[in-house]
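Protein sequences, first through last, are from chains A and B. The numbering used here numbers the first residue of the first sequence as 62 and each following residue consecutively. The numbering used here numbers the first residue of the second sequence as -19 and each following residue consecutively.
Derived from the structure by calculation, the hints contain no laboratory data. Bear in mind the structure is a predicted one, so any value in this text is a computation, not a measurement. Be aware that one or more of the hints could be misleading.
[Unchecked claim] A short list of chain A residues far from chain B (calculated; beta carbon distances all over 10 angstroms):
(1) PRO107
(2) LEU252
(3) ASP451
[What the hints assert, rightly or not] Derived EDC-like pairs (lysine to aspartate or glutamate); straight-line CA-CA distance at most 20 angstroms:
(4) A/LYS384 <-> B/ASP48
(5) A/LYS78 <-> B/GLU139
(6) A/LYS373 <-> B/ASP74
(7) A/LYS78 <-> A/GLU263
(8) A/LYS369 <-> B/GLU139
(9) B/LYS87 <-> B/GLU75
Each residue gets a CB set at the ideal place from its N, CA and C atoms; glycine is no exception.
One letter stands for each residue in the lines below.
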Amino acid sequence: MTDSTISSRSPETSSPKPEYLLGNVAATEGALAAGCRFFAGYPITPSSEIMHLMAVRLRELEDGVFIQMEDEIASISALIGAAWAGKKSMTATSGPGLSLMMEGLGYAAMTETPCVLVDIQRAGPSTGQATHVGSGDVLQVRHGSHGDYMPVAFSPWSVQEMFDLTIKAFNWAERLRVPAFLLADEAVGHLRESAVLKKDVETWDRPRPQGPIEEVTPFGTAEPDGVPPMPHFGEGANLLVTGSTHDPRGFRKVDDPDIQDTLVNRLTAKVLSKRDEIVETESYFLDDAKVAVVAYGFTARSALAAVKACRKEGKAVGLLRLKTLWPFADKEVAKLSAHVRSIVFPEMNLGQLAGVARQHAQCDVVSLPQTNGRVISPGRIRGTIAKVWD
Amino acid sequence: MDLTTLLSTALKTRISGIGGQGAILLGDVLAHAGALDGINSACSTLYGSQARGGASKCDVILAKQNIDFPHVERPNVLIALSQEAHDGFAKDMDEPRLVLYDDYFVKNLAGPESGLTYRAVDATTRVLDVIGSGQSANFYMLGVLVGLSQCVTLASLEESMAKYVRKRHLDTNLKAFHLGMEAARDEQGN
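Next up, chain B with everything else stripped away, as it sits in the complex (with noise of 0.2 angstroms):
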């Protein structure tokens, strides 16, 4: 699967989860490493009361081409932080209809007949398990995604990084990010 040469048009990533698993951190954060890139990078979010503690979600479009409507209708890429995110948006997708899924919180996917190309992916039980706390889960999936799709580069995204994550939070989500990273990279080798 080739999620690179989605972004000569336009690859859309919707990246959704409850309030506070950091879905709106990382859309920025993937968004601006666009831009450093010198692509062209938009990002929306849901905005409103629903997103304190309840749903949360936010698209990013990277294109090297011009972004006529900067909203996603109809993602390539869907994160899944929570089971949540996987029953509202695992639907209505454009191809490679690809979704990555913390297995920790997301359980239940919808059937074969989806049409979805689903990845599981380790995200909260491996940062649990070599940082010992769930919270950088979220750039564990970003290096998923990043490792799989190159659609910035690693220079950028630690850029990014360090502009948008806390300095005292950055190194540890920086090991989550390259964590990320290094199980894409030993995925596409098998």
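The following block holds chain A by itself, in its conformation from the complex (with noise of 0.2 angstroms):
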């Protein structure tokens, strides 16, 4: 990467023209775009530039902060503690480090705290190909930490995006108090492509007390799917933040099944709730597809190339593009298979969210997995229609 690839600019300057830059870069000035004020993090291939970038950016800014921790664990704790400090928080990782930040996620769901995860996936498990692309952490954003939550995942396709796609993550990230993620692959993050960076971009803020300080309820509401006012640090409330169960007040309450039922539901309720703002897609030639692709992130791309050339081939066949992946587009996915013969579901891992679209699919839905490091090429998409055509 050339010094001027990760030069200094400011969202306040930028001119709505298209510029050319890389994912990555693109992904670090949404973030500031979105109010992004506090960074810490552990460089990892191929996440890294965002990480310089932010170096550089955030000492810019007067209420910038950036820290380099020394390791992922302490990087989600700090984006943790920034958070209760009142600022807009990200980090941004890869694979391993994105497992070591597994404990954090959890505790981050639990105290129902704001911030952004920019995860770029490179090949697994464990160090597996650093350089090289993969999806394979689709289901660990779910899944990786024990006990139930709900994240919001979206998976940008292109450099646009990764400028566009950051900000909403912000956004539900504040509006929900969850973590959110960017859950982008090698092959987007180091895309270089022309993007425009909107100079005014609309930015949600967490929910705060509007009351007496001493009154707040950090960690209830009276709905079962409300999201509580959060105080920062410094403001006067009486504010403990624990990842044992604990009222809405914030006292600890590890033997009260109640306590522990109310709060472990609304964690995933208060997402669910707002399930339909929250999950986008984008439909390409499917109003009379007899065969459809359903694809995310870099993948998604080659299949639209497939789709066309399939359509010159005289095939009806669309493409359901999932912006979002957490929570599942299940009712997109499930209208769809109730007018498609088969979905061909191409993902640079072994079919995890293949393996989810079937839980909600009428149809058949066959899987593309493809793990060798390399983003799945329009022919191979093509020849797996050409079969399920047939």
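Dock chain one against chain two, each of which comes alone in its own frame, and use the hints as you go.
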């Protein structure tokens, strides 16, 4: 990467004209546009450009803080602390780092701490192939920490979406007080292409205490799916933040079955009650499709090229692209499956999300897995479509 | 040969050499210039340990329409800065299968049965002669490509170079680029 690839720029002075930039740089700029003012991380291929640029950019901002931590457990812990001090906070990592963050992920979910984790996925498991692409973390972000929780996860397919969906990840993290993911892959993180970095973006902030600070209940609402107001340290609230089961005021209640039940159900219900607003998909050529491809991330780019090539051959094939992975687009997949003969589901893992799609689909779901550290080519998707078609 | 018409669909260029020859820098400069011209551009690079001292590769797509699949599977143009680049990539190309090669480094070409159109470029020889260092041979090659294809405007290319090339090397590289443009023009005039 040349120096100018991570050269300084400011969202305030950015041009609305298309720019040419690296996916990881666009994610960084998206975070700053969303109001991120705290970054803690440990560099890891293929996410490191985000950390490099954050080190430059946050220093330029009066209220920006950047810390290089000793490891990824410390990184996510620092995010949580910064969020409770009032900052919008983010880290960037890849598979091995994400694995270390699982303990903190559960803590963030349980303490209802808004934070954003950018995961630039590489070929795993373990250290795997550091410089090569994969999508093997899809189920890990959903289930990797113990107990029940529901994250929000976006899957960008372009440099433009590295910017746009990072902003959405921040907005949903804040609105729902949850850890949110930009679940990108190396091929998009390291793609360089034209994108428009908008000057003014819509940003949402966490719900804040409205009445007397001593009466605030930061961990409970009257509604079973509500998001409680979040005070910050230093504002006067007697603030207890704990990963152990706690009542609405934050007091530990590790023997009370009702409090445990209410809390754990609300952690998921507060996300699922907004499911229709969160979940985003895009449809291409689906109106008369007999076979549909369902894809996400970089693979959806290959899928779109494959679908267009099939259309030229006269095959009625379409694409449902998943922009969000969690919550899963269950209704959209179910609806699609009622109108097509088969769904082809290419992904850079051994069928992680295809398995989830099968739980909701009425038709056959044909998994097209690939784990060789390379992107799935349009030709390979066409080949599978042809087999399904005959 | 009119490479410009490819822009309406996609002009796919692969630049390859040995790590350090500036293949990736060229790709960034070209793709950024395309973006400045308001056309879609996508660039992907070989990323990993083999790029450090070993083979280096950078693919650029310039297109007036949306770029669905942003990687290059079959380039229209190959810029070969090393013999290894020629041997590895001068195959599986799309029309017009144009190979621009630096004849200082690439000595052995595929036979006529390959269907490739070869253009020898005296990039390293010329910049050694005129500038005194072979380092800017990559920009001479880019000058030839832009001269032949008119795929980006000169103004955008120069603005892009000013962004990506270190200030102390900018004049030298601009000079090399213009030498390449002139060479392409002279060749087309003949």
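Tested hints:
With a minimum CB-CB distance of about 7 angstroms to chain B, A/PRO107 fails to clear the 10 angstroms threshold, and the non-interface call is violated. The Cβ of A/LEU252 does not lie farther than 10 angstroms from every Cβ of chain B; its closest approach is about 6 angstroms, which violates its non-interface assignment. Every Cβ of chain B is farther than 10 angstroms from the Cβ of A/ASP451; the closest lies at roughly 24 angstroms, confirming the non-interface assignment. Under the criterion of a C-alpha separation no larger than 20 angstroms, the hint pairing A/LYS384 with B/ASP48 is consistent with the structure, at around 16 angstroms.
Taken as a hint, the A/LYS78 and B/GLU139 pair is honoured in the structure, with Cα atoms around 15 angstroms apart against an allowance of 20 angstroms. This hinted pair checks out: A/LYS373 and B/ASP74 have alpha carbons roughly 19 angstroms apart, not beyond 20 angstroms. At roughly 19 angstroms between alpha-carbon atoms, A/LYS78 and A/GLU263 fall within 20 angstroms of each other, so this suggested pair holds. Of the supplied pair hints, the one linking A/LYS369 and B/GLU139 is violated, its CA atoms being roughly 35 angstroms apart against a limit of 20 angstroms.
A distance of roughly 23 angstroms separates the Cα atoms of B/LYS87 and B/GLU75; the hinted pair therefore is violated under the 20 angstroms criterion.
In this structure, the hints that do not hold are numbers 1, 2, 8, 9, in rising order.
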